[in-house]
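Those protein sequence lines, which keep their order, are chains S and V. Take 52 as the starting number for the first sequence in our numbering and just add one per residue. Take 8 as the starting number for the second sequence in our numbering and just add one per residue.
Treat the hints loosely; a few may be bogus.
Stated by the list, open to error - Going by beta-carbon spacing under 10 Å, a handful of chain V positions derived as facing chain S:
id, residue
1, D26
2, G56
3, Q152
4, R153
5, R165
6, V190
As the list claims (entries may be wrong) - Sample of chain S residues at the chain V side, in silico, Cβ under 7 Å:
id, residue
7, S196
8, M212
9, I242
10, L268
11, T330
Simulated from the structure, these hints should not be mistaken for lab results. Glycine is no exception: its CB is placed at the ideal position from the N, C-alpha and C atoms.
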Amino acid sequence: MSDAPLLDVRGLGISFLIGGGSVHATQDVSFAVQPGERVGIVGESGCGKTITGLSLLGLLPAATTRVVGQAMFEGENLVGLPLSRMRHVRGRKISMIFQEPMSALDPVFTIGQQIGETIRTHFKVDKKQARERAIEALASVGIPSPARVHDSYPHQLSGGMRQRAMIAIALVCEPRLLIADEPTTALDVTIQAQIIDLLLDLSARQGTALLFITHDLGVIAETCTRMITMYAGQVVEDAPVDSALVRPRHPYTSGLLRSLPRLSARGAMLPSIAGRVPTLRDMPTGCRFAERCAHRQEACAAPQAIEQEGAHQVRCWRQGELVLPGALTDREAAA
Amino acid sequence: MTAPIVSVDELRIRFPTQDRRETVKAVDGVSFDVMPGETFGIIGESGSGKSTLGRAVVCLLKPTEGQVRLGGIDPYSLPSAELRRRRRAFQIIFQDPNAALNPRMSVIDSIREPLDIIGEGSRDSRTRIAREMLERVGLRPEFGQRYPHELSGGQKQRINIARVLTVRPSVIVCDEVVAALDVSIRADILNLFAELQREFGLTYLFITHDLGVVSHVSSRIAVMYLGKFMEMGPADEIAERPLHPYTQALLSAEPIPLPSSMRATRRIILQGEIPSPTNPPSGCRFRTRCPHAQAVCASEMPAWREAAPGRFVACHFAGEATGHPIDPTTTQEATA
Ligand SMILES: Nc1ncnc2c1ncn2[C@@H]1O[C@H](COP(=O)(O)OP(=O)(O)OP(=O)(O)O)[C@@H](O)[C@H]1O
Ligand SMILES: Nc1ncnc2c1ncn2[C@@H]1O[C@H](COP(=O)(O)OP(=O)(O)OP(=O)(O)O)[C@@H](O)[C@H]1O
Ligand code: SF4
Ligand code: SF4
Ligand SMILES: [Mg+2]
Ligand SMILES: [Mg+2]
Chain S
52 MSDAPLLDVR
62 GLGISFLIGG
72 GSVHATQDVS
82 FAVQPGERVG
92 IVGESGCGKT
102 ITGLSLLGLL
112 PAATTRVVGQ
122 AMFEGENLVG
132 LPLSRMRHVR
142 GRKISMIFQE
152 PMSALDPVFT
162 IGQQIGETIR
172 THFKVDKKQA
182 RERAIEALAS
192 VGIPSPARVH
202 DSYPHQLSGG
212 MRQRAMIAIA
222 LVCEPRLLIA
232 DEPTTALDVT
242 IQAQIIDLLL
252 DLSARQGTAL
262 LFITHDLGVI
272 AETCTRMITM
282 YAGQVVEDAP
292 VDSALVRPRH
302 PYTSGLLRSL
312 PRLSARGAML
322 PSIAGRVPTL
332 RDMPTGCRFA
342 ERCAHRQEAC
352 AAPQAIEQEG
362 AHQVRCWRQG
372 ELVLPGALTD
382 REAAA
Chain V
8 MTAPIVSVDE
18 LRIRFPTQDR
28 RETVKAVDGV
38 SFDVMPGETF
48 GIIGESGSGK
58 STLGRAVVCL
68 LKPTEGQVRL
78 GGIDPYSLPS
88 AELRRRRRAF
98 QIIFQDPNAA
108 LNPRMSVIDS
118 IREPLDIIGE
128 GSRDSRTRIA
138 REMLERVGLR
148 PEFGQRYPHE
158 LSGGQKQRIN
168 IARVLTVRPS
178 VIVCDEVVAA
188 LDVSIRADIL
198 NLFAELQREF
208 GLTYLFITHD
218 LGVVSHVSSR
228 IAVMYLGKFM
238 EMGPADEIAE
248 RPLHPYTQAL
258 LSAEPIPLPS
268 SMRATRRIIL
278 QGEIPSPTNP
288 PSGCRFRTRC
298 PHAQAVCASE
308 MPAWREAAPG
318 RFVACHFAGE
328 ATGHPIDPTT
338 TQEATA
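With the rest of the complex left out, here is chain V (with noise of 0.2 Å):
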C-alpha cells in the first residue's frame, strides 16, 4: 500500500471581512488523502473554497485549523529553507491567467523564471528547457519575445501552464486551467497532462466548473459546497450515479452541445438563496436550496460517511433522495 503524496486533515481556513466583524469560512473541515500518480478532481459552487484549498496544498495559505502533509510531513513544522525546497514539487496553475505574468517580462523569460529561481544548469540549458515547454503547449517559438498584453487570454494560460511543467513539479494543482482555451487546443493540453503523468508519475489536483472534463480526466472527484465536502469517490460512480442532491442538480446543469431538439429538459434548477460562508446555515449546508429538505436537516448536520465502499457522501438521504439508492453489492461489484 503506498502512501499518499497530499494528505488533508480537518482543514480549515477562515479570512476576516472587510470591516473585521465576521470570519468567511472559506474552507470548513475538509479531509481526502490523493495518491502518487492520481489525478483528484475538485468541483463544486462558485465561492466555495476550491481555489482556497488549492492555495493551502501548496502551501500558500496556513491552515487556520487542522493540517496539510505533503508526502508525509506537515511542511510547517519544517525549517524554512527545507520549506522552500520542498515547495518546488508543488505547484499551483492560477486561475487568473494574469497572477503569475510580470507584464514587464516576455514570454520567453517569464517561462523561464521559475528554473532561474532554482539555478540550475546554465542559462543557455535554461532557454533551451523553456523553449521546449513553449512548444509543447502549442506556441511557435516567436511567441517567446512577447509581452503578456500582446497575447489573447488562452494564449497567457498556456504560458502559465508552461512555467510550472519547467520545474517538474510532482504535484500539481490545476486551478480552472483549461477553461480558456478552445477545445482542440484544450485537448492537447489535456493530453499533454495525460503524458506527463504517465511519464513521470505526476499527480494533479484539478479543479474545474467544465464536469465533461473533470470526469473525462479524473479517477477520483469530490463535490465542494460552502467549504464543505458534499460528497467524493470514483469519477464514473459519481457522474452515473450522484448519491448528494447538489451533485445531481450540477450534473442536470451541465450544457449539452447538441442541437434544441436533442437536449433532455431534465435541469433541477435550484431554488433559495445562495447562503453565505460567514454564515452557513445549520444542519446541512445545501438544504435552504435542496429540493429534497425535511425537517432533519435542519437540526442535524449529516455526518461524513462512507455509504459504500470509496464513496463517501454527507446527506441524511444519500442516493435515496437522487434515485440511486446504495446497495453496496451493486457498488462494489462496479469498484472492482
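Here chain S stands alone, though its shape is the one from the complex (with noise of 0.2 Å):
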C-alpha cells in the first residue's frame, strides 16, 4: 500500500477532431508519479506534454476531443471522471501551473479575486481571511508589495510577476500534486532559484509530488530525480534525471542533450536534430524518430514497445546497444 503511487497513468491516448478528421496526438503514454515524488517531463515542442497535463484534470475542450487509457490518482480514474468529482481534485488535490499565465488568468478580475476564489471554494473563510491568506500566498512566491499585486489586474503585472501569481494561486491549497508546465520561464534566474527552493520545501514539508514540464534542462536537473522523455506524442525514454544526463539511452534524448549551447563556442552554429517531426496525420507505425535517427535500422520500421534497460525505459529497438552522449562536454565526460 504504501508504496502505491499517488498518479498512475496507463495507456493514455488524446485524439483532436480537426478538420473533419480526427489525430492521435498522444499515444500509450504511461507513467507513474510516487508521493512526493518529483518527475521532470521533457520533449520536442508539440509532442504532448501540456495536453497530457490538461487530460489529467479534464480540462481539454470536450466536443473535440477523445481521451483513452486510464490515470489512476487516489483510487479514482480521472480520465472521464464526472464534473461534480473533479471539482473537488481540481485546484484542490491536484494543481496546475499554466504555460501561459496570461491566458490561464482573466483580465477582467484582480489576482486578489482570483486567488480569494480559490480560496473560498475549497476553504471556509470570510472575505478579510481570504484576502490575507492570498497576500501571502503572494509575499511567499516572492513579489514585492504583495498588496500592490493583490489589486492589480494582469495586464498591470510583469510577465515574471503573472507567473508568480499564477504560482501562487496553485499552491494556495496545498495540493497533492502539482503539475508545473514551464513555471519558471518567464522568471530570472534568481527568482527561478527561489521559486524551485520553494517547491522542494513544499514537496519535502507536504509530500506534494511534482511533474514538473520544462525545456530547461538544467531546471530538471537541480529539481527533479526522474526524468521522462517525449517525441511524436509517445514516452521514449523514463530514467533517473542524472543517469539521463550523462548516458541518455534513446537517440531522441541524446540530440536534444546535444543541442544545448554550452557545447558550442559562443556564435559557433548550435548542433540541432536534423529533420522534423512527422505530421500527426502520417505518423508511421513503426520508431515515430526513425526518419531522423542515425542509429536506423531495418527493424527499426516495426512499433517499438517501451522497454526496462536497468533503470532506464526506453523505447528503441537498438536499446542496450548503444553508447549516446549526453549533456557533458567531451571534457567533463573523460574525467
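Build the complex from these two chains, which are given one at a time in their own frames, with help from the hints.
Next comes the structure, spelled out in C-alpha cells:
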C-alpha cells in the first residue's frame, strides 16, 4: 500500500477532431508518480506534454477531444471523471501552473479576486481572511509589495509577476500533486532559484508530488529525480535524471542534450537534430524518430514498445546496444 | 565609424498604479546605443522593465522622459504617416505568444497579415512568402490551416517569429522568444536568426532569462535591475568577469544540466525583500539584496561609469566586490 503510486497513468491517448478528421496527438503514454516524487517531462515542442497535463484535470475541450486509457489518482480514474467529482480534485488535490499565465488569468478580475475565489471554493473563510491568505501566498512566491499586486489586474504586471501570481494560486490549497507547465521560464534565474526552493520545500514538507514540464534541462537537473522524455506523442525514455543526462539511452534524448548551447563555442552554429517531426496524420507505425535517427536499422520500422534497460525504460529497437553522448562536454565526460 | 541604429538616451517610462496614487518607474534612466548588425542582449530581474524598454524601442510606448532615436531620428518628431511607414523596420516578437495572434485567424493568414497590411505584391506572392517562412521556422505546411488554440506553446511562438520575419525588418526586439522551445528547435531558430543577420544585416535586441542563450548569441549584454542598467559590456567579459554583484548573483544562479555530483554549489542566494518599482531604495537600488552593501551604498547613488574600455557599471565597489578587480590593461587586452 505504502508504495502505491499517487498517480498511475496507463496507456493514455489523446485525439483531436480537426478539419473533419481525427488525429492522435498522444498514444500509449504510461508513467507513474509516487507521493512526494519530483518527475520532469521534457520533449520536442508539440509532442503532447501540455495536453497530457490538461487531460489529467479534464481541461481539454470536450467537444473535439477524445481521451482513452486511464489515470488512477487516489483510487479514482481521472479519465472520464464526472465534473462534480473533478471539482474536488482540481485546485485542491491536483493543481496546475499553466504555460501561458496571461491566458490562464482572467483579465477582468484582479489577482486578489482570482486567488480569493480559489481559497473560498475550498475553505470556509470570510473575505478578510481570504485577503490575508492571498497576500501571504503572493509574498511567499517572492512578489514585492504583494498588496499592490493583489489589487492589480493581470495586464498591469510583468510576465514574471503574472507567473508568480499563478504559482501562488496553484499552491494556496496545498495540493497533493502539482503539475507545473513551464513554471519558471518567464522568471529570472534568481527568482527561479527561489521558486525552485519553494517547490522543493513544499514537496519535502507536505509530500507534494511534482510533475515538472519544461524545456530547461538545468531546471530538471536541479529539481527532479526522474526525467521522462517524450517525442511525437509517445514516451521514449523514462530514467533517473542524473543517468539520463550522462548516458541517455534513446537517440532523441541524446540529440536534445547535444543541442545545448553549453556544448558549443560562443557565436558558433548550434547543433540540432536534423529533420522534422512527422505530422500527426502521417505517423509511421514503427519508430516515430526513425526518419531523423542516425542509428536506424531496418527493424526500426516495426512498432517499438517501451522496455526496461537497467534503470531506464526506453522505446528503441537498439536499446542496450547504443552508447550515446549526453549533456557533458568531452572534457567533463573524460573526467 | 557607423552610426547607431538604435540610440536610447536617459529613457524613463512610468505607469500609474491601479489606485493612481503612485507611479511605477518601469524604466528609470537608461542609455545605450546598438550598432547595425549587432545582437544586444538584455537580461535582468523579472519586472525590471525589459519588456517596457523593448516596447519603447519599437514605438509601442511613448517615453515619459528621454528619447529613443531610430536610425538617428526621433520617431515622435515625424508626421504620423511617416512614423507608421518607418515603424515597419522596427519589429517586436512578444513574450506572450498569444499577444499577436488573432484566435479567429488561421496560421497562414496570421503570418501573411503584416504583409497584407503593407500591401506589397499580389496575394499569391504574399501567401508564398508566408508559406516559406512557416517552413523556415520548422513547421510543416499543414499547420497553415490550423488555428491558434490548436497549437502548442512552442508552435505558437514560432508562428509569431515567422510573422515578424516576413516583413524583413532591420531591427527586431526578441522578448523571451525561445524560452517556449525545446533545445533542438531553439538551436534551429537561433541559427536562423544568425543566418538572417549575416544575410540582411539584421539587428537584434535579445531579451531573455536564459544566460546560456544570451551569452551565446550576443555581442554585448546589459544587465537590468529595477528600471536601471547595472552593468553593460562585451558578452564574454560579462559572463567570465562580472563587475556588478547582481550580475554575479545571476550567473551563479543559472541551473546547469549536469548530474548532482558534477554541479558546483557556488550559488549566491540573494537575501532580503525585492524592492518595489514604485519606491526604489535610496542610493544603489540593489543594496537591499546586495551581499556587499556598505553605508555609502544607501547614501550615494553609484554613478554609471566606464570602468574599463567598453565596460560600463554602476557600483561603488565594481569589480572589487565580485573578485574581478578592474585592471584596465588586462581588460584592454581581452577586448583587443
Ligand atoms: N485543441 C487542439 N486541437 C487540435 N490539436 C491540438 C489541440 N491542442 C493541442 N493540439 C496539438 O497537439 C499536439 C500536442 O500539443 P501540446 O500543447 O501538448 O504540446 P507540448 O508538448 O506542450 O509543446 P510545447 O513544448 O510547444 O508547449 C500539438 O501538435 C498541438 O498542435
Ligand atoms: N501597463 C502597465 N501598467 C502598470 N504597470 C505596468 C504596466 N506594464 C508594466 N508595468 C510594471 O512595470 C514594471 C516593469 O514591467 P516589464 O514588463 O517591463 O518587466 P520585465 O523586465 O519585462 O519583466 P519579466 O521578465 O517578468 O517579463 C513592472 O513592475 C510592471 O508591473
Ligand atoms: S528504434 Fe531505431 S530509428 Fe528509432 S530511435 Fe531506436 S535506433 Fe533510432
Ligand atoms: S553599490 Fe553597494 S549595494 Fe550597490 S551593488 Fe555595489 S556594493 Fe552592492
Ligand atoms: Mg506545452
Ligand atoms: Mg517581460
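Answer holds if the nearest beta-carbon of chain S is closer than 10 Å to that of G56(V); otherwise answer violated.
holds, 8 Å
Holds or violated: is there a CB of chain S closer than 10 Å to the CB of R153(V)?
holds, 7 Å
Against chain V, with CB atoms and a cut of 7 Å, does the hint on M212(S) hold up?
holds, 5 Å
Chain S contact restraint for D26(V) - C-beta distance below 10 Å:
holds, 7 Å
Hint validity - Q152(V) Cβ closer than 10 Å to any chain S Cβ:
At 6 Å from the nearest chain S Cβ, Q152(V) passes the 10 Å test, so the hint holds.
Once the shortest beta carbon distance from S196(S) to chain V is found, is it less than 7 Å?
With a closest approach of 4 Å, the S196(S) hint holds.
Have a go at the T330(S) hint: is there a Cβ in chain V nearer than 7 Å to its own Cβ?
holds, 5 Å
Does R165(V) hold up as a contact with chain S if the rule is Cβ-Cβ below 10 Å?
Given a least distance of 8 Å, the restraint on R165(V) holds.
Does the CB of I242(S) sit less than 7 Å away from some CB of chain V?
Result: holds, 5 Å to nearest chain V Cβ.
For the hint on V190(V), just tell me whether its beta-carbon gets within less than 10 Å of chain S.
Result: holds, 4 Å to nearest chain S Cβ.
Interface hint outcome for L268(S) [beta carbon to chain V under 7 Å]
holds, 4 Å
Of the hints listed earlier, there is not a single one the structure fails to meet.
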